[in-house]
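A.B. asks: If you're matching them up, the sequences are chains R and Z in order. Straight run, no breaks: the first sequence in the numbering used here ends on number 676. Straight run, no breaks: the second sequence in the numbering used here ends on number 676.
Derived from the structure by calculation, the hints contain no laboratory data. Careful: at least some of the hints might be erroneous.
For chains that are exact copies, the list does not tell them apart, and a pair is met inside one copy or across any two.
Said to hold, decoys possible - Under the rule of at most 27 Å between Cα atoms (straight-line distance), these lysine-lysine pairs were calculated in the DSSO-like manner: (1) K624 with K523; (2) K569 with K587; (3) K565 with K523; (4) K624 with K32; (5) K257 with K32; (6) K565 with K587; (7) K523 with K569; (8) K569 with K257; (9) K257 with K587; (10) K257 with K565; (11) K32 with K565; (12) K257 with K624; (13) K624 with K587.
The model shown is predicted, which means the values in this text are computed figures rather than measured ones.
Number of protein chains: 2
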Amino acid sequence: MPSVTSILKRLVLGRPFRSDKLGETLLPKRLALPIFASDPLYSVTYATQEILLILTLGGLTFLHLAPWVALAVVVLLTVVVLSYRQVVQAYPSGGGSYEVASRNLGRPAGLVVAGALLVDYILTVAVSVAAGVDNIISAIPELNPYRVAINLGFIVFLTAMNLRGVRESGRTFAIPTYAFVVGVLIMIVVGLARTLGGNPPVAESAALDIHPEQTGLTGLALAFLVLRAFSSGCTALTGAEAISNGVPAFRTPKGLNAARTMLAMGALSVTMFTGITALALISQVHFAENPCDLIGFPGNCETDAQRTVIAQVAAAVFGGDHTVFFYYLQAAAALILILAANTAFNGFPLLGSILAQDRFLPRQLHTRGDRLNFSNGIILLAAIAGLLIYAFDGSATRLIQLYIVGVFTSFTLCQAGMVRHWNRELATADTPAERRRIHRARVINAFGACFTGVVLVVVLITKFAHGAYLVVIAIPVLYGLMRAIHRHYDRVREELLPDADSSVPPSRVHALVLTSTLHKPTLRAIAFARATRPDTLTAITVNVDDADTHALRRQWEQHHVKAPLKVLESPYREITRPLVRYVKNLRRESPRDVVCVYIPEYVVGHWWENLLHNQSALRLKTRLLFEPGVMVVSVPWQLRSSARRVQQRLITSPGDVRRGIPQPPPPQRTTSE
Amino acid sequence: MPSVTSILKRLVLGRPFRSDKLGETLLPKRLALPIFASDPLYSVTYATQEILLILTLGGLTFLHLAPWVALAVVVLLTVVVLSYRQVVQAYPSGGGSYEVASRNLGRPAGLVVAGALLVDYILTVAVSVAAGVDNIISAIPELNPYRVAINLGFIVFLTAMNLRGVRESGRTFAIPTYAFVVGVLIMIVVGLARTLGGNPPVAESAALDIHPEQTGLTGLALAFLVLRAFSSGCTALTGAEAISNGVPAFRTPKGLNAARTMLAMGALSVTMFTGITALALISQVHFAENPCDLIGFPGNCETDAQRTVIAQVAAAVFGGDHTVFFYYLQAAAALILILAANTAFNGFPLLGSILAQDRFLPRQLHTRGDRLNFSNGIILLAAIAGLLIYAFDGSATRLIQLYIVGVFTSFTLCQAGMVRHWNRELATADTPAERRRIHRARVINAFGACFTGVVLVVVLITKFAHGAYLVVIAIPVLYGLMRAIHRHYDRVREELLPDADSSVPPSRVHALVLTSTLHKPTLRAIAFARATRPDTLTAITVNVDDADTHALRRQWEQHHVKAPLKVLESPYREITRPLVRYVKNLRRESPRDVVCVYIPEYVVGHWWENLLHNQSALRLKTRLLFEPGVMVVSVPWQLRSSARRVQQRLITSPGDVRRGIPQPPPPQRTTSE
């Protein structure tokens, strides 16, 4: 029932926002940071674990390479953050990598980036939620049978939060993000202080040896292992560009504020990643993908999981896993992981809206809902992420393999685009200071492009067989889809461009009133049709049953109806075909004429009442729309039950819910030309 | 895609039939018998088993009561057949029990009968198919996991057969029915001949003793057991009245032909039932519901089932279960059981059509499909029966408990109605011979009414807890539903009766053309609207985005459009609400005016193209229909892709499929008044 759904909608979404309130939902930096950066700020903690996990495939021997791998990730992170500071200032419209690539490298490059970003946003939601639920299930194993349901529940929750609007979700999500960052920083300080004081933390797994899955690695194989560790560590960079896509949500000066937020995020990320990795190595966390590779693992390695690296470090630093601070950090970590998905809920609809404006995605993604957000984009994202989680049984381990390829595709193309951008800027720069600034910026972006390009190749090679191939399929498919949509819109727009012929009036109007029985709706339709003064007016009926038709003719005579009744024969008891033929014939005789088909309809108040009345009018209307030179006129007759329904609707409509009682419509504010 | 579906439809259904071919699908008696009587002809064999099964709950002691129980069933069967011979002749319109009860006992009684019959038709399909599949699964136990799927498969098959039309399905179904009847008759003759010759058949279970579930039965308890056996034996009567509901499908003289077919069915049923019961008792078939009650049962009584009574008798008569004749009879039995469901596929849609004509069921059930059958009724029956089978896991044993209550409800009310019918006839009868005939008929029907009424009470008491209570709920629910539907139609009809006011023309017509951008569809809509010479003509747009609205105004000036553009403000970015308010205001100023809203639409050729265009026009149209005094005019603009679709449709439409190539429409056969 519409009344219930609209009440529910208001309960979930709150009141609708007026368009002129758009300015008020802009974000201050202290809220923009947690909204756009919860994903990158969490993923640094995950990155350490991923690096250790790959290196220990070769046993403990290669753990000494971890600092070098981590250093490479830090350098990469720094380069990317510096590169993107240039992007947000040069392109503050929120197009981010997509806009940079399109403008500087052309449409195709832009669309590849767009496809990569869309894929990665979806994966961010799926992976973050799945990993968060993993954490919860590690704590409460009884929930394991409901894994997928819990995942989907969180997605529904996030969708509802985001449908309410960006600012409120910002406030909600700021707390756990800051709580988590502060917690990690305290842990790092305490841990390093203990180390300097000669009492370094010792992890619970420090004493465990690891059974290598790959032995005697040398030369190329070793290099491949290190590269795989590096590309796994690159998860630290996921979401790094969310800020560049969210610039329009910042307060003015948008570009500068975004660049500063970017820098804050970069500084925090590097600090946290370095600190956690250092502490993990100091406290000798020995982490294996498969617990059965751990020699001396306490518990059943088949069913029990090893605790996450961040959990082990926290336990080691704070002295055991029963301290308040340990629980605090674990709770914040679990929470931020679910909320990291929110980054994508901000980025995806914005990008979708930009792509829709450029006519690469359906127009609906460009429309703001009544809370001023892009509701269709939010719902689309939630639906696809939900499907992915369902298809992958909510397994974060399997979903994460699809990740990162998209991230680095867009990094590389974006930086390459920036190089071109600076080349063009250089041509118009006047002062030497300006030229120096541009030269410096170009070097940063050129280095960024090369570096991320190499990483993209590394990631593709090392992760292809582990699932990345799916993304390698998905991006071109999206690319083709967006091109096709664009072509469609272009074709339609071109077809519909007004020309001299479009305003030529028809020479004559033939009114046909569709009749099955003689009742009020029919008589009203005839009266209305007469009021439009057509050149000809005919009531028309299809003879499906001789007795009925005969009765109709008799009634017609009795009531002296002021229109001739024409009977179309229909040997196969169809309604649509004989009518369409009749209309075609009329038009064939004089193609400049217009046929106006009046269809009397009754409007019922309850959905089930529709079941009791034939739907042939609807089918007929749909079919007639395919005929050129035909107008279809619905002449409704409101049954009494429908009046009640309209009243119900009014009572529960947003404008009136706030006032609590049905109101007469306010005077119309209209401006006429 | 419509093209594929219409091809599929033609493949399944065959060519459409012209209305004037209706006469040709009438049935000769030799086809009417198997079509309407496959259910009662099979159920007699089942009845014997049901009787034995209940009696042996008390051990072998009470088997001597079996002939008396069987005799009661034979008497009942005779009475019912004789009673219904009167019905088909007095009411040859096919209304059967429903018509008799309505006309003579009033609407409520008629509706109770109708509800009972509808329920029993559905159960006939469910039980027969389920029992048939049981037989198949007894032969091939590997199919057991697919029980429900096989059941549903048969229902789909029967549905398709019946959608093709009644005559062809008659021919198909006649063969197994006759094969089965002939087989049983041969078996009875051979079996009795062997008995007379001093070499009576001996069943495989003759040597088995039965462990009684209920011991020391005397007095009331014994009476209850006998009554339960009797009411189980009454399954022999299910479907007996199908002929009375199918009279219109007979050739003329319909009543007489139906009465003769009824008599043939009765004679065959009594012969078969008596013969099978006699042979079962002679060959000492010992049958228990639970094989573990059989002392000395060969095989595992937990998993293996005892063979059906008819199978045991056949094996005994023909000397073992490897004779050709044994297999022949088993195959025919399995086949006829599935096809017995067909009785209901003929009866249900006919009854549904009659009820729809009397406005107790939705009108759609009254329309004949393009094969001249009541396709909607067939599909409805199949759907509900499928649901029942799904809900009961395809278990015939559980479904059969719901049966029989409905049958005897309609028997009783129908016979009582016939008594009244004769009373009325008596008042107008002239000759003494006529009066004698009526007196005789009245005695038969009065006896029938009492007898079946008593049986109804017995069945209700003995089967209530075993599932019959569900039917006791379902019949009143159906009754209420039919009353509600009738009230709805009555209310609507009364509301729509033409009165003096209906033909009054509106005083003025205001044309509003809905505009979002200035393209060909908009211009055409304006040109068309101008052609209807409205009193006022305004192009109207809703300001959702200031920039878009501004652009629209500029275009408007550039193109010198011949209509003023009015902009409605919409602070909450809605389209529908401001427009509806504007229309309401127009109408408030002068309520006798009519507002004509022109909506330019583009018509696309592919369903997916709809996803790329906003659906707000559709929502708007639906909402505007609720406003009094508003006409909604769709002015379609056919995109090029839509033209292709219409062509495709034409190619695959029924009329043209037969000729193989698309044809220009033939000259229209129309008659005008």
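A.B. asks: If you test the structure against every hint from before, which numbers come out violated?
C.D. replies: Per hint list: 4, 8, 9, 10, 11 and 12 violated.
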